[in-house]
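**Q** Protein chains in written order, with the numbering used here: chain A, -19 to 265; chain B, 853 to 1010; chain C, 9 to 767.
Be aware that one or more of the hints could be misleading.
[Said to hold, decoys possible] Below, computed lysine-lysine pairings styled on DSS-like, alpha-carbon distance capped at 25 Å:
1) Lys235/A x Lys218/C
2) Lys69/C x Lys457/C
3) Lys970/B x Lys28/A
4) Lys325/C x Lys80/C
5) Lys325/C x Lys457/C
6) Lys258/C x Lys325/C
7) Lys586/C x Lys601/C
8) Lys433/C x Lys419/C
9) Lys23/C x Lys43/C
10) Lys109/C x Lys185/C
11) Lys13/A x Lys855/B
12) Lys28/A x Lys855/B
13) Lys457/C x Lys185/C
14) Lys636/C x Lys235/A
15) Lys296/C x Lys218/C
16) Lys218/C x Lys258/C
17) Lys855/B x Lys80/C
18) Lys235/A x Lys682/C
19) Lys970/B x Lys(-10)/A
20) Lys109/C x Lys296/C
21) Lys13/A x Lys433/C
[Unchecked claim] From the derived model, a few chain A residues whose C-beta atoms are all more than 12 Å from chain C:
22) Ser76
23) Arg118
24) Pro129
[Unchecked claim] Not the full set, but computed from the structure, chain A residues with beta-carbon under 8 Å of chain C:
25) Pro161
26) Glu164
27) Gly237
28) Tyr241
It is worth saying that the hints were derived from the structure and are not from the lab.
For every residue, glycine included, the Cβ atom is placed at its ideal position computed from N, Cα and C.
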Amino acid sequence: MDYRSPTTAKDAAGLLANEGAHVLAGGTDILVKLRAGFVAPRMLVDLKGVPRLRGIESDARGWRIGAATPCAEIGEHEAFAAAWPGVVEALQLIGSTQIQGRATLGGNICNASPAADSVPALIAAGALCEVAGVTGEREVPVEQIITGPGRNALARGEFILGFRLPKPLARAGDAYLRFIPRTEMDIAVVGVGVSLALDAQGVCTHARVGLGAVAPTPLLVADAARALIGTRVNAAALEALGAAASAACRPIDDKRGTIAYRIKVAAVLARRAAVIALERATNRK
Amino acid sequence: MAKQHVTTTVNGDTVEFLCETEQTLLDVLRDELYLTGSKEGCASGDCGACSVMLDGRLVCSCLVLGVEAAGRKVETIEGMARGEVLHPLQQKFLEHAALQCGICTPGFLVAAKALLEKKPNPTETEVRYWLAGNLCRCTGYDKIVRAVLDAAAVMRSA
Amino acid sequence: MNDMTPPKAAQQHLKIVGTRPLRPDGVDKVTGRAKFGADIHVPNMLIGKVLRSPHAHARIKSIDVSRAQALKGVKAVITSADLCDLPSEFIPAGEMMVNFKDMTRNVMAREKALYEGHAVAAVAAVSEAVAAQALTLIEVQYEVLPHVMDVAEAMQAGAPLLHDDMFTIGVEPRPAKASNIAKRVEFGFGDLEAGFARADVIVEREFATKPVHQGYIEPHACLASVSEDGQAELWCTTQGQFIVRAFCAKLLGMDVSRLRVTASEIGGGFGGKTVVYLEPLALALSRKACRPVKMTMSRTDVFRASGPTSGAKIWVKVGATRDGRITAADALLKYQAGAFQGSPVQPGAMCAFAPYDLENVRIVGFDVVVNRPKVAAYRAPGGPIAEFAVESVIDEVALRIGMDPIEFRLKNAAKEGTRAPYGPKLGPIGLVQTLEAARAHAHYRAPLKANQGRGVASGFWFNIGGETCASINLGEDGSVGLVVGTPDIGGSRASLSMMVAEEFGIPLDQVHAIIGDTTSLGFNFLTGGSRVTFSSGMALVEAARDVIRQLRERAAKIWEVAVEEVEWVEGHARLSGKGKTLSLAELAKTAGKTGGPIIGNAAINATGAGPSLATHLVDVEVDPETGKVTILRYTAIQDAGKAVHPSYVEGQMQGGAVQGIGWALNEEYIYDDKGRMENPGFLDYRIPVCSDVPMIDTVIVEVPNPRHPYGVRGVGETPIVPPMAAIANAVSHATGVRFTDLPMSPPRVLAAIDAQRGA
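Just need the whole structure built from these sequences, with the hints factored in.
**A** Right, dumping it as C-alpha cells:
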C-alpha cells in the first residue's frame, strides 16, 4: 500500500483519481476497516497536509471549516461553538476524546454511516460541502452527500475541501441529541439535530430537523420543521414534531436497536432537542 | 513495497524507524522501538489502552499510521516521569490504588495528563466523560477518578 | 501442620496488615515498564496466527496446507495432527473441571468445527503480514451442519447433536441416545412439597441470561521457544503457570519437566485465563520451526474464540410464611457450556440458595452444549446467574409479604452452623453483619424521586484453597525475598508482602515479592477462586514462622543459650529478661558462620477457605421515555474476614460491582442466524465506561476466618454475585415491572414499561 501526502488540492485530486486510491484524513474509520480486512486500498492519500482542508474561519458568508480539521480543534473554537453549539455538541459525541483528536467532519460524512453523529446537526444547520475533484469545485448541500449505508455522492477523485455553515440568524439556536445505551462510546441508535429561529414575539420562523440512524441515510425532515414553524414551540407543536420525526423513520432492526424502538425514541429526542434549541434561541442576544 | 523510512520525535528524542505502510503508530512503538508501555487492547480505537499524545493531542495510536508520525512529536507513557520523579498522576494512582492489573494504566495516565493540561480543575463528571474512551475492567473506575482529582489538586497548588 | 494462629503481638495490634501502603510492583505499572504477555520480543522470533472456522457447526472433511507451507517466509504450519489426541479425563482448573479430550479439540478442531472462531490450523512466519497471507492459502473443506445456539432448544430431542458420544451423566438410567445434555446435578434436602404446602406466599419465576465475556483488556498472548532437544520455554499471560505447563505438556506429549513456563504480568483474567488457547499452538509451531514463536489474539478472536460465561435459563420457586420465614425453595438451572461440556452449573446450583437457612430446598442443574465458544470461568463461576434469579424472587416474596427486603433476609440469613444447600455446615460467616451494615447505611435512607428505585441483593461465594508452595530467602543484608507461584492479578504482591513483614516485625520495604516460574517452586494451583491472599498468604506465613524459628536458633547459638529463651519481637531476636537483641540484618549477616543460609519453604494444600458474603444496595433512575437505566448510587458491603490491604479489597468490590452493572444492563453476545457473532468488539459488546457509573461506596465487614492466620477470606469473586439482582430489583421498584431477562437494555426496558402501561 502506498502513502502520499499532497500539499495542494489539485495534487490531491490527481492522486485520488487513481484506481484503488483512498482518502486518509483522521484515520478513525479507514484504519479500522483496513485492520478488519473490509478495504484494501492501493494508495492512501493523506489530505491533512493540504492547507485548504485545515482550520476554521468566519467570513461574510458565515463559517468555513476545513474538511480535515480534527473535531477536537473545532470544539475548542469558542466563537464557532457559540454560533453553532448543536453542531459542536454533535461532533463532540463522535467516539471518545482520543477519537476526536483525529476524527474529521470530512471523514464522518464520507464514511457515510447512517448513524454518523455530525451529520444530522450539519443538516439542521443548513451546511454545504465544498467538493473538489479533477473537473473543478462545486457546493453540495450536506444532506445530499450520503446516498446509502457506506455510499456517498462523490465521484472518483472527488473529495470534500470544507464545510460552509451560514451565520446563525438572530434569535437562533441549535441542538443535537443522540440516544445510546451507555453514556459514551456507542454508535447512535437515534440522532436528532434541530435548528430553529424565533421572531421578536417568540414565534418560530425558521426550522430545520435532521435525523440520523433511523434510515439508510441521515434525513432532512421537512415535515418536522413545518411542525415548528409558525408556532411558539409549545407542547402541541412538540407533539407534532415528534410525530413527524417518527413518521420519517425507515429504520432497521440491528444489534444497536429495533425498528419499533428507534421510531419511538426519534420522537422523544426530537422533542427534547427542540426544547434545548428553543432555550438557546431565546437566550441568544 | 519497500518499507518506509520515518524520522520523528518520541519523548523528546529524535528516532528513526522502518515500517510497512500498514503498520500503525502503536505497532511501530511496540515492535520497532520496543516501547511496550502503550498497549493493544482492541486495535480499533475502542479501549484507549494505546493512548499517546501526537503533537500535543490525545489520540489512539492504533488509529494513526507509523508513516503519519514523520516530523511529528509523539509522547508516550515512557516519557511521563522525569528521571526518578514520578508525575503527580503516577504518584496518585499508586496512593489511591487506582490500578489492579495495570494494563489500562498507561492509557489512563496519558489521557488524564492531557485533561489536566487543558483543564486544571475538572469536576468529577468532566473527568469521567474525558476518560470514557479508556476502558478498565478491574477497578470500576472509582479509584481512578479519585486519583485524577487528587492529582489535579496537587498540581494546582504546586 | 504448623500453628496457624496469629502471632501474639498481632492479635493485639497489627502494624502493617490492615494499612494501605503503596504496592511494591506499582512503579513499573505506572511507568509502562511492567511486561505483559505481548510485551516480549526475542531475536529470531516468528509470528504465529490462527485460522478459524467461519461456521458455527461443520464437519471438517479436509485441510490442505500445502500452498501455505510453500509461501516464502512461512516456517511452520500445524493442524490437529500436530497435537495429541487425548482420552476423556477430567481435572480441576480453578473452580471448574476441564477434560483433556475436549481441551485438545478446543485448542484445535479435529473432526468438527463446533463454533464460529474454532481454531482449525495455525502458521508461523517471519512477519505478521506473511502469516496473514499464509492463512488465506490454507484450504479447508467444510460440510456445514445445522447449528443450535439456545440452551432450551439444544435440550430438545431432535436438536442438532454436537457430540455423538455425549450421554447425560447424573441421570438414572443412563440415556440410550446421545444428546447435548452433558450432565445433571442435584442438591438439596428436606420435603419440598410439605414446605410449599405451609407457605402463605409462593413466588415462581423464569429468568434468562445471556453469555457475557470476562472482558479483560489484555488479549491472550504468549511466546514459545522449543529447542532442538525438546526443551521448551513458554512466556504467557496466565492465571496459572503450573496449570499451563500441565496442560501444554499433555497436549504436546512432552514431559512436564522439559517445559518451563513463566507468567508475565497479567492484564486481567477473571477466570478467563485459567485455560489454554494459543499456548499449545505456539509450542507446536515452535517445535516444528525450531524458532521462537510469538502469538497474540486479536480482540475479535478473543470474543469469538475464548470462553465467555454461560447464558442460562433459570426457574426459581420460593415459598414463605406471612411472618417472613422461607418454608421451601426450588430451582432449575439450565446453563450453556458452549461447544464442550463444563458450564459452571454445579457451583451455580450449590450457591444459589446458600445465603439462606432453609429446611426444604432443591436445586437441579443441567450442563448443555451449544455451538458457541467453550465457556470458561468468570468470577464466581455460575454463582451470579443463579443468585440473580434467586435474589429477584426473594425480593418479590418480601414485597408480597410487605416486609422490608433487608429484614426478610435477616429473618432467613445463613449463619455459623447453618446447613448449606450443598451439604456441609457453614463456619463463621458475615452475612448478617453485611445486612445490618446495609440497613444502617445512609444510602438506605437517601430520598428517592420519581422514576427512581432502590434494590437490595445479597450474595455468597465459597472461595477455595488448594495446592500452594512458597519460599522465603533471607538476603545477607536482612532483606526478605519471597517467591510465590500464583500470578498477581489484583495487587496480591502487596498483601503477601504485608503479611510477611507483619510476621517478621520489619518495615514493608525490607520485603520483596516475586512470582516464580515453574522451575522455582513446587506445584501451585492457579490464581483463582479468590485464593491467593488466603493460600499463598498461608504458605508464606508458615514459611516465615519457620524462618523465625531458625533465626531464634541462630541467636541462641550466638548467645549460647537454649532456644526457648529467645523470643522474636519486632524484627529482633531478644533474650528474655536480659535486654540483649540481635536484628534480622545482624543475624542474616552472620548466617554463614552460624550454620549457613537461612531460607523457609512451605508446601501446603490450603484448606479452610471461608465463604465471603455480601449485600449490595443500588439506586437507579429509569427514563420512562427511552428505558435507559442510570445508576445513581451504589454501595457494596462485604465480609473480608480480615482486609490485609483495604484499598485492594475495596478495589475488588468496586470492580466486581461494575462488571455486574455491565452484565445487568448492556453486555450480551449477539449472534446472527448463521451462528456468527455480530458484536465481537468493544464498540458493540458494551462494558461500562467511566461515565456510566458513579463512585462505588464500599463497606468492609470483618468476621475473621478462624482457619487463616490473619483471618483472611477470599474477596475477589463475591462482588459480582449481587449486582444483577440488586439492579433488577431497583429497576422493578422504579417502574413497577419485574425484569427477568438480562441484559436490561433500553429497548427491553421500554418495551416492558410500555406493555405494562398498555401503550
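**Q** Checked against the structure, which of the hints given earlier come out wrong?
**A** 2, 4, 5, 6, 9, 13, 15, 16, 19, 21, 22
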